[in-house]
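S.K.: Spelled out from the first residue to the last, the chains are:
Number of protein chains: 4
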Amino acid sequence: MKSELLRKDLESKSIIKVCGAFDAMSAKLVEYHGFDAIWAGSFAISATHAVPDASILTMTEFFDAASNMAETCKIPIIADCDTGYGGPSNVSHLVKKYENAGIAAICIEDKTFPKQNSLLENGQNDLISEKDFVAKIIAAKEAKQDQNFMVIARIEALISGAGMDEALKRATAYENAGADAILIHSKKKTPDEVFEFADSWKGNSPVVVIPTTYDTVTLDDLISHKIKMVIHANQTLRAAHASMSRILKQMINSDSLSKVKEEISSMEEIFELQEMYNIKDKEKELEKELKKLGYIN
Amino acid sequence: MKSELLRKDLESKSIIKVCGAFDAMSAKLVEYHGFDAIWAGSFAISATHAVPDASILTMTEFFDAASNMAETCKIPIIADCDTGYGGPSNVSHLVKKYENAGIAAICIEDKTFPKQNSLLENGQNDLISEKDFVAKIIAAKEAKQDQNFMVIARIEALISGAGMDEALKRATAYENAGADAILIHSKKKTPDEVFEFADSWKGNSPVVVIPTTYDTVTLDDLISHKIKMVIHANQTLRAAHASMSRILKQMINSDSLSKVKEEISSMEEIFELQEMYNIKDKEKELEKELKKLGYIN
Amino acid sequence: MKSELLRKDLESKSIIKVCGAFDAMSAKLVEYHGFDAIWAGSFAISATHAVPDASILTMTEFFDAASNMAETCKIPIIADCDTGYGGPSNVSHLVKKYENAGIAAICIEDKTFPKQNSLLENGQNDLISEKDFVAKIIAAKEAKQDQNFMVIARIEALISGAGMDEALKRATAYENAGADAILIHSKKKTPDEVFEFADSWKGNSPVVVIPTTYDTVTLDDLISHKIKMVIHANQTLRAAHASMSRILKQMINSDSLSKVKEEISSMEEIFELQEMYNIKDKEKELEKELKKLGYIN
Amino acid sequence: MKSELLRKDLESKSIIKVCGAFDAMSAKLVEYHGFDAIWAGSFAISATHAVPDASILTMTEFFDAASNMAETCKIPIIADCDTGYGGPSNVSHLVKKYENAGIAAICIEDKTFPKQNSLLENGQNDLISEKDFVAKIIAAKEAKQDQNFMVIARIEALISGAGMDEALKRATAYENAGADAILIHSKKKTPDEVFEFADSWKGNSPVVVIPTTYDTVTLDDLISHKIKMVIHANQTLRAAHASMSRILKQMINSDSLSKVKEEISSMEEIFELQEMYNIKDKEKELEKELKKLGYIN
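Just so you know, the sequences run in chain order A, B, C and D.
All residue numbers for the first sequence refer to my numbering, where the first residue is 26 and numbers rise by one.
All residue numbers for the second sequence refer to my numbering, where the first residue is 26 and numbers rise by one.
All residue numbers for the third sequence refer to my numbering, where the first residue is 26 and numbers rise by one.
All residue numbers for the fourth sequence refer to my numbering, where the first residue is 26 and numbers rise by one.
One chain only, chain A, in its complex shape (with noise of 0.2 Å):
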């Protein structure tokens, strides 16, 4: 189970490193390059479907990606499930549902719905009162069946200005009423109010960042704050747009292919993510199988 696996590392490791996908196939390079979880982010998820990060998508299309990932990898998923998509019964329904597709974890938020990234410039961000965020744990907690399975209550209370001291008390509410780690996020560009928070926090539940604004920090530095987890959540997306906005340029004002000169993976690392050999293997054995059974000279 992924999320056995998923408690075992945050018991054993000084932090895990997550990272951000949007597909299966961003999800596998994430595995294959020695991450500890992937964090399917609803940022990046969005922009692969070229739609506003607010709440656009629905639980469904957001839960194929996820699901996709699961299929595909062995290290655990953690699903960025924004607000929830609704109210306690709407958190309740996604926990079974992901949980049964083997996802590790889920990531719930207490802002309104329908939301907007955090990131963005005059983006609104208010928060849904204590007592309403509260409900959605107590039945996320209520709906999960495998206690390995984690609910991750992502704080918004410095990204929405309502201060440390709101950031605080949700926390607690939240680890009370439940959640098994504490999402406290910030788009500060020094890591100054999350350590802040990270040193005043008195609660048992493990303390999880995402530091897109404040990259400078050093994972030394996260773990001498006692952080947990860190999510690097859309670097690939950006590399990825960048890198096809380059060569997309390159191809369209050259004559040829041959002259473009941003770097490619070849055919065949692409078959090989893809298990296109693995394919021509299978049907090797089933040729040894057919010969067994006498069907094949």
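None of these hints come from the bench; they were simulated from the model.
Just so you know, these numbers come straight off a predicted model, no measurement behind them.
Watch out, some of these pointers could steer you wrong.
Residues from chain C that face chain A, not an exhaustive set, calculated with beta carbons under 8 Å [stated by the list, open to error]: (1) Met84; (2) Thr85; (3) Glu86; (4) Gly112; (5) Asn115; (6) His118; (7) Phe138; (8) Gln170.
C-beta: ideal position from N, C-alpha, C; glycine also.
We have chain A already, so just place chains B, C and D on it with the hints.
M.R.: For chains B, C and D alone, kept in the frame of chain A given last:
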């Protein structure tokens, strides 16, 4: 209508430049950089699902990818439909479905189902009989409502080793049956056999090529051999794969995101692509309307 | 265009008869029996998925059901879109999606998200503010490309207990904002409050009703109160549920299928509905074409 | 595990009674009335999509239907997978997918792809070679992780006219290749050929039948011929079709719903099936929890 646009481009331009995409984001980037049309290729779409390019994904999944592109882009989508996912009834069903979704053209190939990628070493490339493929083309032609919708017949005779005469014989048969264009596929390192085909071709249907292996060929060469459409089928995918591989290697080995050297797009560039600002603009328009109606002061 | 058909029917007929369906087969039966349009109702679609009618299914699943109906039927589909699945951005997104799929009209209601079925005893029926619902209607109106596409505003004021004055005030506000029709919902055993609404209504938009609870009302009564559309929302579902319950009870208690008394359609009737014979007809046409081309003697 | 349940039932019961369903609601009704397992049949699922039972729907759509049933029901789901949707690679892929979704068994048949319904007059019923079908069974057997997951091999030799000897020869070959049960299909009006098959069968695998055409056969007859599983594949669908046809005819010809005589289930019965009251119960539990935590007085 995008199908009309594709027809007009084929008439007015010396050659049409088409580039492959695998999701709505890559399709939008292809459009943004000035290509004439988008190739929704089954190799690339299979790869992003991390499954072999061997008829493993179903029409439903390929359709969803192409349909997402059509919802997002203004330029025509050409959907790679492999072998047509079955017999004439399946082709008839798919033509209705793709045409309804605003896709401009489909391409079907004359290999047996399930197929394997044409560039795979020792891949299986058996041809179905000319008669059976003609039956699929007739079914496609009868099913389409919009006469501009294009049915591209892809000939695998050079891939399978059946030879030039077979390729030309089939091209004529497919045109007679109602194909709107002929895609001649080749896995040679040089364009020689593709040029031989184009020079020998006496039909009226435009010739289409995918120079993945003979990538030194120039646009002028293609034009001088009366080739009307060139498809760069998989370079966007391979660039994305390469850049994600590079950045993941750096991220896992680095103690801080800021030390990662791979160039990534900014959050703002992604917001732009996914029309995040459009939502903010619409919110402002909505406010104006609500003011007019007296709901806001 | 089916949206044009719906508009014309609304003008030319004294009342439009609409019947509920939940999948393509039930929709086709509704069409076959002579109704003017099909109601793709969220209660029935939720029931066939065996989940509560409480915003548990996502837009994606409701859309798939309505879209399947539109692919299959020639008469207009009216899609029940509950509360619009979020705010104005979600409504804008859904209108584009539904219109592209050839659906003729959508209906959204002024309850809070997530909603509960209006006929559920002690169900939650809180209204959102008039302003917030007006914002959704404006978003819908701006998003539609086909001016015949209809946006039906469903008023839940009588269900929620907000009263007749509120219902009428909202109807006017919704019409001013761009609603093309007003659905006044009621859970009373008699049509009195619906008639009072219709008689008091001074707007130009047609009035729509769903007489599930006041089922003794006659067409003439509705017409005499200038009601333009009546929706039999869930009777097909409830008949299917009842007949399947009866036959299952008989089958489990019988030692032979032939002793089961519940009337069932023949295999041939189902083949007819699913156009199985159409495939055989097309095979014959195909043979003719192949003969013409010399492939068959 | 439902697959274990199915295995145990096969051992302990004289015969297993399976009934067909096509969506989650019909599946739940089958469960409620006491059947041992649910047949997710491709004829019925195709019919509800209003497309021919001729490999027109893809694996994705059949899978979604079966998967919805598995999410909803506690009894085993047996998924009718037609010809396996391609070759051994496709069968391998589908077994992983279905097993992951909690489906207990799949059934594949030895006809060519695309197939046509076996009961269609003049339908196409060509068999693939024994070797090619054996290859699919081997692929299925290798792909399964849960050894209780069942692969049912459906023999179409009696349907296609290949005869009894061929049927028995294939049954032995399929069992040797790893099939867990043998479904012998027949379109005769009497069970004679099915009984002849069962009596001649020397293998250990349980024999399964679908008495659609020979519906006078009794359970005792089947048991006396050592048949271990009987599937009532399509009666729920045909009852639903018949009752909806009746009520639609009455509704279109009546001036009031109350005059319609066709019996329908109450709204409350549907609410019960879709667990609407469960949501209300959970709301109450949630309130209790919120009280405990001090959020409500």
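S.K.: Was the hint right that Phe138/C lines chain A, CB cutoff 8 Å?
M.R.: Since chain A brings a Cβ to about 7 Å from Phe138/C, closer than 8 Å, the hint holds.
S.K.: Is the interface hint for His118/C satisfied, with its Cβ closer than 8 Å to some Cβ of chain A?
M.R.: holds (5 Å)
S.K.: Hold the hint about Glu86/C up to the distance rule: shortest CB distance to chain A must be less than 8 Å.
M.R.: Hint holds; Glu86/C Cβ to chain A Cβ min 6 Å, cut 8 Å.
S.K.: Can we keep the Gly112/C interface hint, with Cβ of chain A closer than 8 Å?
M.R.: holds (5 Å)
S.K.: Have a go at the Thr85/C hint: is there a Cβ in chain A nearer than 8 Å to its own Cβ?
M.R.: At about 4 Å, which falls below the 8 Å cut-off, the nearest Cβ of chain A leaves the hint on Thr85/C intact, so it holds.
S.K.: Is the hint on Gln170/C kept, meaning its closest Cβ partner in chain A is under 8 Å away?
M.R.: violated (18 Å)
S.K.: Would the hint on Asn115/C be counted as holding, given a Cβ-Cβ threshold of 8 Å to chain A?
M.R.: holds (6 Å)
S.K.: Against chain A, with CB atoms and a cut of 8 Å, does the hint on Met84/C hold up?
M.R.: holds (5 Å)
Hint 8 from the earlier list is the only one contradicted by this structure; the remaining hints agree with it.
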